[in-house]
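Here the protein sequences line up with chains A and G, keeping their order. For the first sequence, UniProt numbering assigns the number 1 to the initial residue and increments by one for each residue that follows. For the second sequence, UniProt numbering assigns the number 1 to the initial residue and increments by one for each residue that follows.
Among these hints, one or two may not hold up.
Same chains, same label: a pair holds when it works inside one copy or across any pair of copies.
[Said to hold, decoys possible] Pairs of lysine-lysine, DSSO-like flavour, derived with a Cα cap of 30 Å:
no.: 1; residue 1: Lys258; residue 2: Lys149
no.: 2; residue 1: Lys469; residue 2: Lys89
no.: 3; residue 1: Lys89; residue 2: Lys353
no.: 4; residue 1: Lys258; residue 2: Lys243
no.: 5; residue 1: Lys243; residue 2: Lys63
no.: 6; residue 1: Lys333; residue 2: Lys301
Since the hints were made in silico from the structure, they are not lab data.
Number of protein chains: 2
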Amino acid sequence: MLKILPKIRRPVRCLSAVVAARNEGFAKVMQSDLLAFENFLGKDGVQKDDISNHITDWTGQFKGHGSVVLYPKSTEEVSAILAYCSRNKIAVVPQGGNTGLVGGSIPVHDEVVLSMNKINKQFSFDDTMGILQCDAGFILEELDNKLAKLGYMMPFDLGAKGSCQIGGNVATCAGGIRLIRYGSLHAHLLGLTVVLPDEQGSVLHLGSSIRKDNTSLHTPHLFLGSEGQLGVITSVTMTAVPKPRSVQSAMLGVESFKKCCEVLKLAKSSLSEVISSFEFLDADIMECLKSNLDLHPVLSKSTPFSILVETSGSNEDHDMEKMSAFLDECLSKNLILDGVLAGSSADAANMWKLRESAPLAVTRDGYVYKHDVSLPLENYYELTNVMKARCGDLAKRVVTYGHLGDGNTHLNITAGKRCEELEELMYPFLYEWVVAHGGSISAEHGIGQLKLPYSNLGKESEERLLTKKLKNIFDPNGILNPYKMI
Amino acid sequence: MLKILPKIRRPVRCLSAVVAARNEGFAKVMQSDLLAFENFLGKDGVQKDDISNHITDWTGQFKGHGSVVLYPKSTEEVSAILAYCSRNKIAVVPQGGNTGLVGGSIPVHDEVVLSMNKINKQFSFDDTMGILQCDAGFILEELDNKLAKLGYMMPFDLGAKGSCQIGGNVATCAGGIRLIRYGSLHAHLLGLTVVLPDEQGSVLHLGSSIRKDNTSLHTPHLFLGSEGQLGVITSVTMTAVPKPRSVQSAMLGVESFKKCCEVLKLAKSSLSEVISSFEFLDADIMECLKSNLDLHPVLSKSTPFSILVETSGSNEDHDMEKMSAFLDECLSKNLILDGVLAGSSADAANMWKLRESAPLAVTRDGYVYKHDVSLPLENYYELTNVMKARCGDLAKRVVTYGHLGDGNTHLNITAGKRCEELEELMYPFLYEWVVAHGGSISAEHGIGQLKLPYSNLGKESEERLLTKKLKNIFDPNGILNPYKMI
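Let the hints inform the model, and build the full structure from the sequences given.
Right, dumping it as structure tokens:
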């Protein structure tokens, strides 16, 4: 038995500076282990040099340690590695595109990195039922491109689509901008091939490749959002959605947050089956876009809040008519101050550039504290106001953008440089406030290392105990992705 | 520790006649237990007489045994009962509307029936986010009626809607006729309150009441389709969908099954965001409807296959235009022999009456062997042909209807009366054929008692072991819904 991880002290800061101590129950990787890995994977499957891209996250916020990256090419090779590591108590971190924001896919101390980069051969698609089966290492954008030729698309989209992998998307239950239309990945997942970190490296084919199967516990769904704690996903079966023939975008200027919620309610009713995004930007992020990136609002008047609405449908005339009627109703009911319907794809691109550039714009202030939380709508924007008042002049900006249609806010607090005094004001206050107001401290990014100190906030002991018992069934030696989430 | 259940012999027949032996590790309910139950629930919470409706299923196919039905009124009362039963090794069967088709919600030997009928008080709905939170004992139709007043509806619909309860719908991952549009219940579930059958009667609040929450394992989804094996669901949080303002129906006559699949593909592309049903009837069920119920086809020509397509949308003109264009394209591509678009709600009702009366029509032949399986489309109708050839004159009819859009077929084989020779031809052949052809032996009805003898077909030992380990975490004494599913 391994030693139980030491209880992590409650940190002042929500930063990677707080790292759990190494679990001395884990073995260190020795020369004999490297030879064994080469035996399983061949010499080109074991990388010892130039691995910095695999032990550091892309934001540079998380700098981990490690000495080896493994590149299995098949489920069987993953099984061989996990069986070996389990028997030898070697900790392992599975890694997809390494595009996460919470430090979940890099080693903390000296875990072996199990890269999925070479598990990307098998792809099949049933274009009548819309069912995709593919290896876990496929990049999301590649899948989307393959499906586009067949009249379909992936049911979710995110900024990292050019690098993130479908296996990682499943492991993090990736959200993104289309969730209001197509639902979370739970709506689409049908089956998984997973390898367990047990002494046999057990290979499980869970779920099925058909749309309806009520013959067993629906275990594939337990892997959605499991952050590499339970097993390594090597293959995914899921539904895709018909590619829309018409995509319309509109930008609305709104006077109050209350009216933003009324616009959302009307959009869900009027745009019903065609709404595909409902994104939110406040005046402070618009100002930040202007001053830091010289990006100007598409609306002529400056308004306290902006909303970007998108529809996706099969008939352009119908979608334009619905969107126009929706805008007319917003105006006639005095819900909006201004509204523009994109007349061309260039117009639409300008609108989306504002929303998509927001994460970049904030970084130009110097230092940025990013957040990803969910809140009931009545508290959604109150958080911004509370944090503005609390941070005062220590913050350069307190800005908010996000997926309003999903209750997901990306509140960003910037400063000229990292500021401990500001951090002490923010944490744990912000997360405690979110939980006290019925929210979730992680909407779509997960827990990883970043939010581990707060992951028990508002969680009852019974649930925490259940989660640990579940982890123990799948990963009896606790070797998979330690120092994170569970 | 309880004794492990004896291995069930492989039966010749797929009927309730095959019953697992009583597990003698379970205690029998004594007078002292009844007094304890009355102590927890009051006298009116414990029913000992006239309980036949609770120990027999509605089809009369499953006749169980039992002496007491309990009616808790709250999560706390469920907790008190499960803690008591767990400590005293008394087996319990949770029961919702008792509308299932596989004998999953009735006691087999002498299990205590835990009825959810009185847990139906709390109902709340956020009509901006479309999030419903309600007690598990609410009847599906009641919820639908409440939501209709708020402009929303439940995202699934089934024949039993007037009796089935939302807790049971979750426990069976109910499917129905709108799955092609709104997805399975996995697409909608956000949170559950469940009581575990452990010695504390642990109450768990799993998931949350917001749309995005990536802070823990997504355990609520493990209860979807768990058939009362893991815990008792007392409260459900899920999304509802905007109520469509326009519903259009059309009936199509098709020459070959291959063309039915081409029509499906076209419908998914052309009707894309508005398609809400794609139902299938073959000529034999149409003939059965005519001869047994005097229900006549709405198409003038008799065709080998009929398809009922439904759209649900927010704009009647748009939906009519899409449906007309779809029918035109079907005709111009020679995919259909005939097609009728319902011009009124009476027309639509006539079309749906054919589909919805199919389960009744077959019973009029005398005896009916009902099936609910999923298959890849290339094998969907082959099963019907194979069973026709195999059953020959022993069968009165071999008819097929079902949710073609989901790959779900309800193959029904009728006879004048129960026929053992026919049963021996059918079972286990039919289920083995389904599994050998990439299908699932239960699409939406579940395993229960009916399909327990076949539940391991095609399942690998690793998955079966995992399922048992999971069951053991939630139900350490194995008292919940024994002799079924797991």
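**Prompt:** Given a CA cutoff of 30 Å, do Lys89 and Lys353 count as a within-copy pair, a between-copy pair, both, or neither?
**Reply:** neither (48 Å within a copy, 63 Å between copies)
**Request:** Go through the copies and call it for Lys258 and Lys149: within, between, both or neither, with a Cα cutoff of 30 Å.
**Result:** The answer is between: 23 Å across copies meets 30 Å, while 42 Å in one copy does not.
**Item:** Same-copy or cross-copy closeness of Lys469 to Lys89 [CA-CA at most 30 Å]
**Value:** both (19 Å within a copy, 22 Å between copies)
**Message:** With identical chains, the pair Lys243 and Lys63 could be close in the same copy or across copies; at 30 Å between alpha carbons, which is it: within, between, both, or neither?
**Reply:** The answer is neither: 39 Å in one copy and 50 Å across copies each exceed 30 Å.
**Message:** One pair to classify: Lys333 and Lys301, alpha carbons no more than 30 Å apart. Within, between, both, or neither?
**Reply:** within (19 Å within a copy, 51 Å between copies)
**Prompt:** Is the C-alpha distance from Lys258 to Lys243 at most 30 Å within one copy, between copies, in both cases, or in neither?
**Reply:** Classified as between: cross-chain Cα gap 23 Å, same-chain 34 Å, threshold 30 Å.
Of the numbered hints stated above, those contradicted by the structure are hints 3, 5, listed in ascending order.
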